[in-house]
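Novice: Read top to bottom, the protein sequences are chains A and B. No gaps in the numbering here: position 41 of the first sequence is 40 in numbering that gives the first Met the number 0, and each next residue is one more. No gaps in the numbering here: position 236 of the second sequence is 235 in numbering that gives the first Met the number 0, and each next residue is one more.
These aren't lab readings, by the way, just hints derived from the structure by calculation. Where hints are given, some of them may not hold.
Each pair may be met inside one copy or between any two copies, as identical chains are not told apart.
25 Å max Cα-Cα, derived DMTMM-like pairs, lysine to aspartate or glutamate [said to hold, decoys possible]:
| no. | residue 1 | residue 2 |
| --- | --- | --- |
| 1 | 210 | 7 |
| 2 | 89 | 134 |
| 3 | 140 | 70 |
| 4 | 256 | 414 |
| 5 | 256 | 10 |
| 6 | 239 | 160 |
| 7 | 213 | 160 |
| 8 | 305 | 417 |
| 9 | 210 | 183 |
| 10 | 422 | 439 |
| 11 | 405 | 160 |
| 12 | 328 | 129 |
| 13 | 80 | 393 |
| 14 | 213 | 174 |
| 15 | 420 | 343 |
| 16 | 256 | 181 |
| 17 | 405 | 329 |
| 18 | 346 | 85 |
| 19 | 267 | 184 |
| 20 | 17 | 251 |
Computed from a predicted structure; not experimentally measured.
Number of protein chains: 2
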Amino acid sequence: MPAKPFPELSESQTSDLKESLLQWTLANGLVMYPPNFQDFSANNAPITLFPTPLPKSSFQNAQDVQKLFNELYINLILKEKSWLIDILRKLSKFDADFTGKLFEVYEKAIEQSPNKKLIQPLSLGLFRSDYMVHDTTNEIKQIEFNTVSVSFGGLSTKVGELHTYLNKSGYYDSDYSYQYYDDEEIPISNSINELAQGLADANYYYNDETKSTKTVVLIVVQPGERNCFDQRHIEYALLKNHGIKTYRVTLEDVEAKTTVNDSKLYIKATMDEVSVVYYRSGYAPSDYEVNPEKTWAARLFLEKSKAIKSPSVLTQLSGAKKIQQILTKEEIIKQFLPDISETDLEKILSTFVAIYPLDDTPEGQTAKKLALEQPEKFVLKPQREGGGNNIYKENIPGFLKNIDEKEWGAYILMELIEPPKHKNKIIRNNDIYNEDIISELGIFGTILFNEDSGKILTNNNAGWLLRSKFSSSNEGGVAAGFGCVDNIYLYE
Amino acid sequence: MPAKPFPELSESQTSDLKESLLQWTLANGLVMYPPNFQDFSANNAPITLFPTPLPKSSFQNAQDVQKLFNELYINLILKEKSWLIDILRKLSKFDADFTGKLFEVYEKAIEQSPNKKLIQPLSLGLFRSDYMVHDTTNEIKQIEFNTVSVSFGGLSTKVGELHTYLNKSGYYDSDYSYQYYDDEEIPISNSINELAQGLADANYYYNDETKSTKTVVLIVVQPGERNCFDQRHIEYALLKNHGIKTYRVTLEDVEAKTTVNDSKLYIKATMDEVSVVYYRSGYAPSDYEVNPEKTWAARLFLEKSKAIKSPSVLTQLSGAKKIQQILTKEEIIKQFLPDISETDLEKILSTFVAIYPLDDTPEGQTAKKLALEQPEKFVLKPQREGGGNNIYKENIPGFLKNIDEKEWGAYILMELIEPPKHKNKIIRNNDIYNEDIISELGIFGTILFNEDSGKILTNNNAGWLLRSKFSSSNEGGVAAGFGCVDNIYLYE
Ligand SMILES: Nc1ncnc2c1ncn2[C@@H]1O[C@H](COP(=O)(O)OP(=O)(O)OP(=O)(O)O)[C@@H](O)[C@H]1O
Ligand SMILES: Nc1ncnc2c1ncn2[C@@H]1O[C@H](COP(=O)(O)OP(=O)(O)OP(=O)(O)O)[C@@H](O)[C@H]1O
Ligand SMILES: [Mg+2]
Ligand SMILES: [Mg+2]
Ligand SMILES: [Mg+2]
Ligand SMILES: [Mg+2]
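The following block holds chain A by itself, in its conformation from the complex (with noise of 0.2 Å):
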């Protein structure tokens, strides 16, 4: 069966919808802060006014992968630390400022460990991976693998939940009020609770399995951020299904608000201690930029500490884009997952689009002239998170030109995904855009491992999100303000 097309509704019933809409986000926050905000008030998050269609078959393949892609990245710590620094080595010395610091932080922090060994073997990987899927098959397609500060998780669950509550309340139905969609064919992403359960997985681990209450989780975050509230609903799930207390605190406050004794990192207002240190801040230059003495010295600071990382610096810098390109060959799969099925294996093959490298290597060579002799068919990626920073199609060539050849090697070459357009419509604010969409699903994993003795504690789904954008516009950032959250409508 076809997906439904969207609900074609009159300028009046649009209107009621959208009152509706409005209410709803602000009752049940889904909101973000605007820019230049004040504390005490709130706008409604941009979103889409329908679920936007989703093949059931391509969601089903998105999460069938995941706990595979959650093993695969971690793998890379777990069984091949030492190819994983060899390349996180030459990295840095492409890009010095930012992956170079990182890799110093990971560096100081083991030699500056007793016995040269990190104190905490735990980590815990709050992951994401994005596809879009491919318009003439249907295939998902990787976009990237986000390890660190993967957002979303919360808003995805209350769009969901919005869109339901549209739904059952008639607003889809432009002759009566009746449901448009079957309750099955709007799922809602449960990844509040998702991730707030690997937060308290990591608690529990570093408690010596036990579920303590005691213990607190650390939230390193930016300051001003925007899309607090997104973070706010995982605090408030940790607490009401697992009674455990958050604190927040940027970066540059790491210093002044919390103190190591013997290893263990406190809150020093109240001498809390902490069990997670979970990072949605520190994924971008920007985050050290202010203050980067302080920044730099907070981070090692609490990589050195017993507090368990989400993510570890060296989880964080497994999800290059680097790795990622590397990760695409299907003998490095085998490595890493030795004991995969063929079905997985093919599973896993088939959500990849052709990555390459832009250094001396035969493969490297064709690439070259791949960027600039067909640009139109690529996008190019510098070692980043958080968008703005790819070059896409005729772009490419200008910008490489622009550089010395040596520094091309920091940057990978990545075919274009074609997803399908949507007729779906965003509303930012008070108005409705009813420009094409196109859609990212991005599938929320957690891990929670051991460094030492290469065992793996938990591994969990945990969720989901779309992220829809116009598709004439090449990023899709929601806080950036290029994209929307959206929800799925699946369909056979």
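Following the hints, position chain B with the ligands against chain A.
Specialist: Coordinates of chain B with the ligands only, in the frame set by chain A:
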């Protein structure tokens, strides 16, 4: 055990608490639209930082008498309708423009109905009985009994959840991050669910005792309602807990948006049948002022329909201050609640302060003297709802002298209650106020009854509301900007 003192927090602790409090309100719909609002942006509702102490026994007494009060007020209609109507007819003369208009709606509705009988004998009361605790005795003393458009059942639940969150997160502890209050000490009002249950009960009986989700609830709202989120929470619960949809309409739009067929009320756009008309408007003259003809016609139109009204015009009118005055007499209580036990009777009577008529009866004569000679002990109340209408203390003599003595009978003279002052703090937008506050406890109740058969179908308690205001201000309306939403801290 006396009440614990309010938490004493340092400046930095207060600032941490404030940030978490504000973000919680915005993430959980403890919000209001500010004046001159835009649809897509809401502010925190004005609330207290801490729950306010209330003796457990006072709270228990207020809970205990609620069902009796529910029954007492509807028995005016069920048992002595002609007596009630006589009084209302007299009141209508004093207050032709409002009470008179409402009474006219009642009379016309009957006159224009087949067999001169309202087509819908069922009527739903969503009531709130308001009290202050008398400082020296801890006795609860009734301020008034509201029979129409009782508000803050939505935000009351939310503020209880917020205080619980802050308490469990340790924000109330000035030394560590312990819970300052035990869980049982700050209970959460279940008013959202209970008020939704009341509406669901009416929907059930409308549909001949079946749980239909085909009929809907029509909420009559004020245009530009800033407190809409308070109402929305009840709507969401009605949909979530009972699958019942709601529509919102202003009195002015009733004609355009609804229609009647065979006495049944329908939403024009969807042809959904309305089981219950729930008034969150229509209780004050200003609700009819902009377009009197249309709005009064709308009220009559709805009254004649088969939908169950919450409240019917007669139920609304039975909440008149004049009735409240009459009901303070023991013999009247016994007349309306013939089966009441001695204990219950005492409990009810103990909630009354002196309320006098200002008429030509001997009691009225005494009252007139009191009003002029000892005004500082009294508040003078007209037949109005919604706040801002009373005359306090030394303003009474001047006010009375300015109007014809024949008009005095329209007012009641009520002894002032002296509640204890508390050192709680109020936050409005970003600002924290440190002045002394006094609190008013409201107990919600729902009652569904049949005006023809005299039968009471359901009668329930439905949670509570604590509202607080600066002790320096006479009135306490939250939406009007004088007061704030609070929650109770129970102590023995
Ligand atoms: N291969 C591709 N085909 C099509 N679009 C792509 C591709 N790679 C990236 N994009 C688009 O560019 C956006 C940013 O790319 P990517 O996610 O790799 O960068 P990032 O800096 O890691 O951003 P973030 O971590 O904030 O998501 C994607 O969300 C997607 O919209
Ligand atoms: N007897 C009293 N003693 C002390 N304060 C009183 C008394 N009566 C009224 N007040 C104060 O005045 C306020 C308004 O009075 P009341 O509730 O009777 O008026 P209203 O117009 O019905 O308001 P609303 O329906 O909006 O609550 C009360 O909330 C209370 O703060
Ligand atoms: Mg991305
Ligand atoms: Mg990324
Ligand atoms: Mg009142
Ligand atoms: Mg009142």
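Novice: Look at each hint and say if it fits the structure.
Specialist: Hints and how they fare:
no. : hint      : in the structure
1   : 210 x 7   : neither (50 Å within a copy, 31 Å between copies)
2   : 89 x 134  : neither (36 Å within a copy, 75 Å between copies)
3   : 140 x 70  : within (19 Å within a copy, 65 Å between copies)
4   : 256 x 414 : neither (45 Å within a copy, 54 Å between copies)
5   : 256 x 10  : between (53 Å within a copy, 15 Å between copies)
6   : 239 x 160 : both (19 Å within a copy, 11 Å between copies)
7   : 213 x 160 : between (32 Å within a copy, 21 Å between copies)
8   : 305 x 417 : neither (45 Å within a copy, 56 Å between copies)
9   : 210 x 183 : between (34 Å within a copy, 23 Å between copies)
10  : 422 x 439 : within (15 Å within a copy, 52 Å between copies)
11  : 405 x 160 : neither (50 Å within a copy, 58 Å between copies)
12  : 328 x 129 : within (18 Å within a copy, 72 Å between copies)
13  : 80 x 393  : neither (38 Å within a copy, 83 Å between copies)
14  : 213 x 174 : between (55 Å within a copy, 15 Å between copies)
15  : 420 x 343 : neither (29 Å within a copy, 69 Å between copies)
16  : 256 x 181 : neither (49 Å within a copy, 28 Å between copies)
17  : 405 x 329 : neither (28 Å within a copy, 97 Å between copies)
18  : 346 x 85  : neither (29 Å within a copy, 81 Å between copies)
19  : 267 x 184 : neither (48 Å within a copy, 29 Å between copies)
20  : 17 x 251  : between (40 Å within a copy, 21 Å between copies)
When the structure is compared with the earlier hints, violations turn up for hints 1, 2, 4, 8, 11, 13, 15, 16, 17, 18 and 19 and for no others.
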